[in-house]
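**Q** So the chains spell out like this:
2 protein chains.
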Amino acid sequence: MLNYTITSLFYNLKVEGGDLMSHQVIIWQNNERKELMATEGQNLFELLLENDISLDTPCGGQGNCGKCKVRVLSAHPSLTSQEEKLLSDKEVEAGVRLACLVTVTEDMELEVEDKVELDILTEGISQEVDLDSEIRKVIFEITQPNLDDQSDFMTRVQDKTATEQITLKALQQLDQVDKEGTLTATINEKTKELIGIEAGEKEELYGVAVDIGTTTVVLYLIDLTTGEEVDTYSFHNPQKAFGADVISRVNYTLGDQEKVQKLQDVLIKKLNEGILSLADKTEIETDDILTMTLVGNTIMIHTLTGVSAGSIAKAPYTPIFTQGAELDPVQLGLKINSAGIVKLVPSISGYVGSDIVGDMLAVDFNSFADSWNLVIDIGTNGEMVLGNQDEIYACATAAGPAFEGAKIMFGVAGIPGAISKYEIMDNGEIEYQTIEDQPAKGICGSGLLDIVAELLTAGFLNSRGAFCKDEELESWQQERMTEYKGFKSYIVLTADEAGIEEDILVTQKDIREIQLAKGSIAAGIEVLLKEADIDYEMLDNLYLAGGFGNYLDPHNACVINLLPQEVEDKIIQIGNGAGIGAKMYLIDQKMKSSAEQLQKKVNYIELSSSSHFQTEFMNSMEF
Amino acid sequence: MLNYTITSLFYNLKVEGGDLMSHQVIIWQNNERKELMATEGQNLFELLLENDISLDTPCGGQGNCGKCKVRVLSAHPSLTSQEEKLLSDKEVEAGVRLACLVTVTEDMELEVEDKVELDILTEGISQEVDLDSEIRKVIFEITQPNLDDQSDFMTRVQDKTATEQITLKALQQLDQVDKEGTLTATINEKTKELIGIEAGEKEELYGVAVDIGTTTVVLYLIDLTTGEEVDTYSFHNPQKAFGADVISRVNYTLGDQEKVQKLQDVLIKKLNEGILSLADKTEIETDDILTMTLVGNTIMIHTLTGVSAGSIAKAPYTPIFTQGAELDPVQLGLKINSAGIVKLVPSISGYVGSDIVGDMLAVDFNSFADSWNLVIDIGTNGEMVLGNQDEIYACATAAGPAFEGAKIMFGVAGIPGAISKYEIMDNGEIEYQTIEDQPAKGICGSGLLDIVAELLTAGFLNSRGAFCKDEELESWQQERMTEYKGFKSYIVLTADEAGIEEDILVTQKDIREIQLAKGSIAAGIEVLLKEADIDYEMLDNLYLAGGFGNYLDPHNACVINLLPQEVEDKIIQIGNGAGIGAKMYLIDQKMKSSAEQLQKKVNYIELSSSSHFQTEFMNSMEF
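So the sequence lines, in the order shown, correspond to chains A and B.
The first sequence runs 21 to 643 under my numbering.
The second sequence runs 21 to 643 under my numbering.
Source of the hints: derived by calculation from the structure; they are not laboratory data.
Please note that the accuracy of each hint is not assured.
Beta-carbon label-pair distances, calculated as ranges [what the hints assert, rightly or not]:
| # | chain 1 | residue 1 | chain 2 | residue 2 | range |
| --- | --- | --- | --- | --- | --- |
| 1 | A | 271 | B | 293 | 42 to 48 angstroms |
| 2 | B | 70 | A | 161 | 54 to 60 angstroms |
| 3 | A | 179 | B | 386 | 21 to 27 angstroms |
| 4 | B | 248 | A | 179 | 37 to 43 angstroms |
| 5 | A | 179 | B | 560 | 17 to 23 angstroms |
| 6 | B | 276 | A | 161 | 25 to 31 angstroms |
Cβ coordinates follow ideal geometry from the N, Cα and C atoms, glycine included.
Hey, can you work out the whole structure from these sequences and the hints?
**A** This is the structure we're talking about:
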């Protein structure tokens, strides 16, 4: 059935003798009409992707996740067996289809879900850092030479700026500026290089810190003369079209350098859009942006540099690099000042990336002395670091994206309308919150956690994660149970309660997904504590980083045994630690050695080959 | 009369309503036929230039030098008054015209002088230098990681290569090579940067040293694993089309950044042709060329970098830079390995360039201890440096290009057929040599020097440089005198003696040009000795660098008082010292600090404001 491949995206289909027949496809999204032309037999998902109409697609268009729904307004295409499995009867009847399973064979008109903005976490704890960037501006006065002092212009500028080297661009700028009066030099204090010169006083100096998440990317524009954050910009990682999780994306690229390049290109393009947008909005020149720092998981950082991450996906899971490289923005294609520096924050291993190093900088891990602290970043995977000043242990658990709404039947990301808080009152009534108080659209990570905790507390679920038999439930409880696609399911909200078209459910299958996810995180924690040979009492703090970690209810996290109950009062939610670390790395050049110090101290524990982890994992799946 | 400007070269002439009428212009050169299309009214010189048919043109197409001769085979264009002055009657009759004064108004057919190769000096004294380039190749073995040693690939490569940084290109190459077996890394030992990685043993490593002369450019391909010169490549400086001397070229660019760019572009283009040709011929990859060093006079080095040299042409003659910058080949557009380094050798001042620093390295100026030595480089100008280990004095004299054949009626560059040696025997007979024993075509610098010395010795000229009156000459002498374009002239070779079409002469005007040239050099020497407060006896050696300096007869140079007679036995001809210095700078990274040491020690004496120089100059014009 899946007889197309995503690669055909990049061809223009031609047949001998002329162009293929083409069809008009009319798209409605956000009440706007778009007209596309498709070639006969083109895959609808590919057509939308080509035209920048990006659908949510955890599986990358493989026909497995059931998320790339479109509603066909013209004649309904025949149904595939896969669609029968993944769509409700009501949906099928209304013309809903999965774009990745639709082939265009005639003119079509369809409705695509409105574009919604994720509520992306950009804030968090704050750390004091020195305002100490190696890129600086130096403002000085210069006078004309004369026959007694014929020293060349560059010598006189170098004397004023304590530089010894120069870029070609700066050399040409030296030529262009007035040779007397006030000048502003941009210098790299570390390499003693003069990288720019302008007439007058031009103290503007900016940097951009970036957190490249698998799902979302956040840019922070920082004024490097004050250290203040000027503005932020975030976008969905455009690589999502090639797979929701990093492994799907790696698999997509395997053995094809052009696809590695493709992943790089889409990301660089969006980063440049972000840079330009920030510059526009704050009325600064992109030439005044001299530094960029980037954190991300190791696979994101590999794809950012156009380096294939294939070796990370198979044993022994070795990345090509983990170093904190400093790269040329021009070579990378990033549109900041061409003499600027793009700094990759060092990472730990293939599955503990520089985002986690960012978290560690954000909590000032190097200051911990004798006390033991644990940092956990729950995103698509769960990475964690346990340590004190002498020893650090890290591991990554393949928690999967369940807490990001993927693989959960009614799961959604943190979009407006996502159920983010949920409580079953003693009287059986339901209280809930959605993001931005919009009509409920589905369940996001923190809502899911609440629901499971409440189902456990209220006795819907047993400790093994199975829904109780009907006879074990009270009648009000029985009313909230139903069956959905063959799975016993809890009705989170009835259509009536929520004022929506269909009930929102949590199925037995969803519960299993959550068990796998939380089990692997809990098991990772156990393994780290055992490696460090400490118990929970010796733990000072448990820092939770990342969007889900920030919004979850710590008590409920302990109720479902995602986190050990012993540490409930030691939990500190730090927000987007990775982004905070990236900002610190941007502002203070000393963060490089701090990060390298951490990097060297870390013992990475490979869980895939750890029998201890397997055992713990089995135990931790229970609630 | 001169109603065109050279700028119109860069337009496509258009008239409203359509293209201008065009004419076919057939060119014969080296027995080959070329067909060009000219627009109505186009200047012939510009047309030829556009089509890479470069004529000798000291004045840059201003109609002053009379060198851009072509022979019109079709209907002869009417004669301009300027051509009447600059061409002989015989030439006019034969259809010879000056291309820069011809406007194309109809189809034409013409003959252009055959392209001849200059005999460019590439050799000279040799100095021992260490084989010590910061760019190196490191060959090493690597093994696959395993679950016990998951260290990333870059870490394992860095361990083997003692590097700490990496370029984006090298990072992407790391991704591509096999991860076990023998690998070859290219590293920059100084910056500890990994700049390339290849599979297998690839020890090839090359550099190119370049001497950018005003007239000619020489490239030396050096094997950096042995220090040996592999091959050389030389070409006429394509900037000649914009003026023979540096000042004409600066004047051409004044106030127009696009013209600065143009001078850069033509030079970079030819340098790339040279690099590609050297690589082709010696069957190496341009990617194996990792370093380039360049010397040249300060104006050449400015134009090479696209920096205007306007400030050098007017008081206080201050260049934009004199530093030994290290630039990015990609930014400069030079086609060596993109991670390579382009090193500009430091220069002294606006008129004492890095070519002279090259000469100083070639004679190992830093080793002179207490002894005083003088280095003179006679090219288009005469630059000289006098010093010992403690003090160095330098100056530049505007000798002009007389010794390069320019401004001399029958002067030519060092081409085959140039009279390079000349002697008047006691019996009045003439002995002479031409380059490559070709039929005489004109007189080059060393020949001119011989002729003037012989004319003085044989009593044709008095010490003031005037030809003696007829009555003061013997009858055989009178036979060799004639008048040419209003000037008393000496017949160097009659057409009969040389088996050529026309007599070759030296006119009174030519003698005046030589007096100016040699006078300024001699005066420069006097000024330097006075600054250093030493006399000729205290001079150990007088090193003569450059083509003319290499080929001239030292005795005759003293006869005409170009060089002081007291030092005749101290003269050492070192050949192309500038090129040798560039090669040393390429091979041994320590030459940078040697050069900077010299640069700092030099006291530059500005002659234009020196009354002492003016007096000496007046005195030194006499023979």
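**Q** Take the hints in turn and mark each one as holding or not.
**A** These are the hints, each one checked on the structure:
1. A:271 with B:293: 42 to 48 angstroms: holds, 46 angstroms
2. B:70 with A:161: 54 to 60 angstroms: violated, 46 angstroms
3. A:179 with B:386: 21 to 27 angstroms: holds, 24 angstroms
4. B:248 with A:179: 37 to 43 angstroms: Because 41 angstroms falls inside the window, the suggested range holds.
5. A:179 with B:560: 17 to 23 angstroms: violated, 35 angstroms
6. B:276 with A:161: 25 to 31 angstroms: At 29 angstroms between Cβs, range holds.
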